[in-house]
Amino acid sequence: MATLGMPASVPPDPRTVLSRHPLEPAARSWLTDAEARIAARPDAVRALFPTARRHCGRARLDAHWTADEAARAVLLTALPLTGAPLAAELAGLFRHGDPAEQRAVLRALPLLDTATGAGGEPLADLALPLVREALRGNDSHVIEAALGPYGAARLPDAEYRQAVLKCVFQEIPLDRVAGLDTRADAELARMLADFAHERVAAGRDVPHDIWPFVRAHPARAALTERLTAETRAAAPERREAAERALKALR
Amino acid sequence: MRIFDPHIHMTSRTTDDYEAMHAVGVRAVVEPAFWLGQPRTSPDSFYDYFDALLGWEPYRAAQFGIQHFCTIALNPKEANDPRCRPVLDELPRYLAKDRVVAVGEIGYDSMTPEEDEALALQLGLAVEHGLPALVHTPHRDKATGTRRTLDVVRESGIAPELVLLDHLNELTVGMVLDSGSWAGFSIYPRTKMSEDRMVAILQEHGTDRILVNSAADWGRSDPLKTRKTADAMRAAGFDDDTVDKVLWRNPVAFYGQSGRLDLDEPKPDEESSFQGNSVRRGGE
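Chains as they are written, first to last, in my numbering: chain A, 1 to 250; chain B, 1 to 284.
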């Protein structure tokens, strides 16, 4: 398991990404002006943050950023706040945000976690309540953003495993989930193996991207045994699901 | 046939309704913020409701191929409860959202001084945010209430074409169209307005600035009434283009005045495998 509290891996700088792309002149000047207003008076962010998509559009800029999320990240990094006051402003934006805004807050957390500024307090775990609230929801786009580098670096083991399993249920591809390379452990493998068995017993398919995590742990042997027993089940769809799962697990 | 239901409370409806609506041609809806069967007693339950209108409901709708937009306001009935009034102070935050295409439902329920104040204040917010206004007309004393609503609209300074007065009938449609505002009709199984009466109104008043909705909610109502009205129009001899105007182009024109009716937006759930499955809720 990763050491908790370590700085998360940081996404590409949204300012750099935005500067390389042709943003409409009106959008660029809106963004520059909005940044300046927020730097001068932080609570200006409350009216500016919701309108960013209407000004900057939603075009995809690179593998990580769309124009609206990059612009919203720029607005958040312009906040002249650190520590608890920063966390409070983020909590307000999240509380009153629509799903696109909530996602943008979550995706900006790794940037805010490192940018402590001169004499500023770190964000540390102060935004973790937002991650937890997002993980209790049902919108897969928000859940996916909650399990980005900030959440993945800071959630305790049990919560991280539950969050990964929830992603599997939500059909969020696991290659979009941060932290698995260091945090996937034997207990998560056991949970995924139980999930696979449950699916097979229901005659359903198992998402293929869980297999690498099961294979790497002792859960593999136990699951192989249980799936082999399922190949003798009375219901044909259950037997067939077991055969398919066994083939994928090998 | 493409249908835009300009007034429907999907929060109260099931995924079966979404499937049935899509099957008859509904591709876009506007869900106005309103009262629920059970009165609320604190601002926080409004904020959770607004969050659902901006979050969960569009997410659900998208999984059935329907675009979901909403209107936000403190409704007239609950504007009378001093415990709910602080909602008015937080409205600007919500009126800034991308999927909010009007201020509404505002208007009168019992025509109290509190309702007067909330109506005038929220018409002012519509002007300030460049949004249209969806105005509910009262069920009791409707003609008087509609006249009084039109007076307040005039005094507010909002352009009449930015205002939609809803739940109209044979006795209130004339004064609303004469004022330059839009006229909305809620087609209900037993009350308000029926398909056949609606057809008669269209024959008498034409199809300009007229919207037809199901206003389906938690009461006895039918989310397919828009399609049933379209069928009644065709049976009465209206051509397909006129049906398309009333059931699609008119609501697009009215809510399009917000500048936020992005009907081309990519479906947020393109990668989901909802076909043959139920709405995803993280525990199935």
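Derived by calculation from the structure, the hints in this document are not laboratory data. From the three backbone atoms N, C-alpha and C, an ideal C-beta is built for every residue, glycine too. Be aware that a few hints might be false.
To be verified - In silico contact screen, one side only, chain A against chain B (beta carbon under 7 angstroms); selected entries:
| hint | residue |
| --- | --- |
| 1 | A84 |
| 2 | H96 |
| 3 | D98 |
| 4 | D139 |
Q. Hey, does the H96 of chain A contact hint survive, CB to chain B under 7 angstroms?
A. holds, 5 angstroms
A84 of chain A was flagged as interface toward chain B. Is the shortest Cβ-Cβ separation under 7 angstroms?
violated, 22 angstroms
Does D139 of chain A meet its interface restraint, that is, does its C-beta lie within less than 7 angstroms of any C-beta in chain B?
-> For D139 of chain A, the interface hint holds, since the closest Cβ of chain B sits about 5 angstroms away, which is under 7 angstroms.
Item to check | Satisfaction of the D98 of chain A interface hint, Cβ to chain B closer than 7 angstroms | outcome: holds, 4 angstroms
When the structure is compared with the earlier hints, a violation turns up for hint 1 alone.
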